[in-house]
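Each protein sequence line maps, in turn, to chains Y and X. This note's numbering puts the first residue of the first sequence at 1, with every later residue one more than the last. This note's numbering puts the first residue of the second sequence at 1001, with every later residue one more than the last.
The set of hints was computed from the structure by calculation and includes no laboratory data. Careful, some of the hints might be misleading.
Said to hold, decoys possible - Here are the simulated lysine-lysine pairs, DSS-like style, with alpha carbons at most 25 Å apart: (1) Y/Lys79 to X/Lys1183; (2) X/Lys1301 to Y/Lys115; (3) Y/Lys14 to X/Lys1113; (4) Y/Lys115 to X/Lys1113; (5) X/Lys1311 to Y/Lys115; (6) X/Lys1314 to Y/Lys14; (7) X/Lys1311 to Y/Lys55; (8) X/Lys1097 to Y/Lys161; (9) X/Lys1422 to Y/Lys14; (10) X/Lys1314 to Y/Lys90; (11) Y/Lys27 to X/Lys1512; (12) Y/Lys11 to X/Lys1422; (13) Y/Lys55 to X/Lys1314; (14) X/Lys1097 to Y/Lys94; (15) X/Lys1463 to Y/Lys79; (16) Y/Lys27 to X/Lys1422; (17) Y/Lys163 to X/Lys1301; (18) Y/Lys115 to X/Lys1097; (19) Y/Lys27 to X/Lys1419; (20) X/Lys1410 to Y/Lys27; (21) Y/Lys14 to X/Lys1241; (22) X/Lys1422 to Y/Lys13; (23) X/Lys1241 to Y/Lys13; (24) Y/Lys79 to X/Lys1410; (25) Y/Lys27 to X/Lys1454; (26) X/Lys1303 to Y/Lys115; (27) X/Lys1183 to Y/Lys27; (28) Y/Lys8 to X/Lys1463; (29) X/Lys1344 to X/Lys1505; (30) X/Lys1419 to Y/Lys13; (31) X/Lys1457 to Y/Lys79; (32) Y/Lys90 to X/Lys1183; (33) X/Lys1183 to Y/Lys11.
Claimed, not checked - Covered stretches of chain Y, going by a simulated chain X footprint (3 or more residues, C-beta under 8 Å): (34) 80-90; (35) 104-112; (36) 115-129; (37) 151-162.
What the hints assert, rightly or not - Example chain Y residues on the side facing chain X (calculated, C-beta under 8 Å, incomplete): (38) Ala17; (39) Glu28; (40) Pro32.
The beta-carbon is built from N, C-alpha and C at its ideal position, and this holds for glycine as well.
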Amino acid sequence: MNIEINNKSYKIKKAVATLLEALIYIKENIEPVLGFDYGCKSGVCGACAVRVNGKEKLSCTYTPQDGDKIEPLRYYPIKRDLIVDKSSQKGLLKRVKTALLSYNQQMLTPQDELKTQIQSDCILCSSCYSACPVIEVNPNFAGPFALTKTYKYAIDAREAKQKEHIDTIQSNGIWDCTLCGECTLACPQNIDSKTDIINLRNLSAKYGYMDPNFNNMNFGGGFGLDFNGRF
Amino acid sequence: MHSVDILIVGSGIAGLTAAIAAKETGASAAIATKGAATKGNSVMAQGGINAALGNIDSDSPNLHAKDTLKSAHNLANENMVEKLCNGGIEAIEFLEKLGVQFSRIGGADTPLKSIAQRALGGASAKRACYAQDYTGLKIVHTLLESAVNLDIPIYEGLFLLELIKNSLGEVCGGLFFNFDTGKTEPIYAGKVIIATGGFGAIYSKNTNSATSTGDGLAAILRAGGELSNLEFVQFHPTTLKGSNILISESARGEGGYLVNGKGERFINELSTRDVISRAIYGQIQSGERVFLDIRHIGEEKLKQLMPQELKLIKQYANCNAAKELIEIEPAVHYTMGGASVNEKFEVTGLKGCYCIGEASNANVHGANRLGGNSLLEAAAFGLQGAKEAAKAKASKIEETELAYTLPIAKGSDNMELFKAKKTLADTLFENAGVVRDENKLSRALSEIESLNIKDLKIDDTPKHSTLLIELLELQNASILATALIKSALWRKETRGAHIRSDYPKESVEFEKNSKVNYDIIE
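Can you make the complete structure from the sequences, with help from the hints?
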């Protein structure tokens, strides 16, 4: 089987169950200095996400096919080969305040658990971020994983400052999303960020926010108008 | 030049908890971690975190302590076990207030009472709080999100090379290899907390993240600190044959059976891990295959209890666990030993250096750790260790010239690294595995010595070199493997997870910790 990494072809002379095994084979037999990242080998640490034929996959859970083209995730600076610099993730999380800001002593029920069970399965692999077409035109867009994490706290009964989470995502946040659903398709954990973003828009409406795009259309506001949607 | 009150090395549950707790005391805290912050072993923990909340069964910290001591085979310290078990409720409350998405039960009247709990092996009550089968993942990410929000600096890509000591011999920082610059750099600190996890990944068959190579422990040893009980390596009885993907203990806790090729059950499935691993190893040695049978639990319930594992079993073994038997084998899972610490978590022989979590031997697991106690140790001692470190007198920071030669030389054969790594991992598993004896251990020792790992070099530019990281890890692996084998040779008895076929009984003479210093390696 042959796979291509950044347009260079490698022959894998061994049966492999996962792309990660193929990458390790290349490193240990052909190119020892090849750069790729991994940790848990079981789909939960998020380190090994790459693009395969233009789609985001975890190396450790993807079964490679002959002729696969492997590239690093998009939008992040490349360190070496398939390793990208994801350190901006933390700045993003800080910006949208993905943490419980003020604890409200509340009991949760099994129904509450279900509301954010999937959202809290995020492994921070950034597949959704790499798949998002909006970031290509607006690098300041918060992107799917940050918004899903925001949603998780915005509806947590233990959060006394739910509105503050909604406030942080009005600008370069939920209204910039085109609802294309690429993030949802890319997520290895089946997290549906698109729906989370729709839910955040509905919540925003309840808090009195409006979609600034409507306003732009109605009043002829063009691109680049710095409008935070607040009324 | 960075300088901080408390430097934490490692970003798993222990490190993140300690950083948040340290910051809450008013100290400045920073985390240095060798990879991405969420890449370590903690995210892989599925089963749960023990705390005697008594939400399902009647339970108490005393009962929890009793179970823990029983499993430890007389090697645990009662005071430390008490600190651990009493600390359970505080730890869960801390995590609940940060927003961890625990699984819930209905009909409760307080937040903590609403947390679901399940049975794990060796526990006399349903004691493990869990978040579906993503307990570790959800705790780590919640902690990370909180740490980021609290502006705790998290330096990723810093590999600990050496602890830095001042002229009084106190630890006052760490020297790191920076993956992004390819250079070494110091971080100075009044106190250093080592939370770098265990070293299970130095074995060929293991359930650990590839990152668990004991880097903090090797640094402690080189700096003059003491390690203890390294021979106590826990094998997890149920990992997928071949890939060693873990099937968590909750599968047995919920009523899963262990059967051999004849379909016979051969062990009480709720025994402790050492007992079950030994029984499975015996079956495999006698030519049997061993399977986990969870079919009778029912697909619906399995999907709710272990969705992640069902997915992994399908991916790695092409097996539908709701309808088919799952073939399993034991693999290295956890290292009970680590840095010797006093009751304030300070490392023996290293003033100013603290150690928590799997990296430490805080004398709570003894010869065998109970399921659910590792996350508890990480969180509870993360909280307690940070408070102790914050209270203690700071080491005087002296910025000194630190020479360190990276093991790089043009023209080196890079393939030698992979060969040495594989030989070390295989020989450890074969000879210092589930069942050991004098001959096997001695053979492993001379084989590892003959690899001359300390002289290995690679040919690569240091910046962004994963090859260099692998070599630095292998150097540490070789130090720990040697220390482990020497400890296993010393312990001429069978106790908990340390099984010697040539000394099959527990001996009163060895009712004490094994101890190693760097001089026994050299």
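Fill in: Broken hints, by number
3, 10, 11, 17, 29, 33
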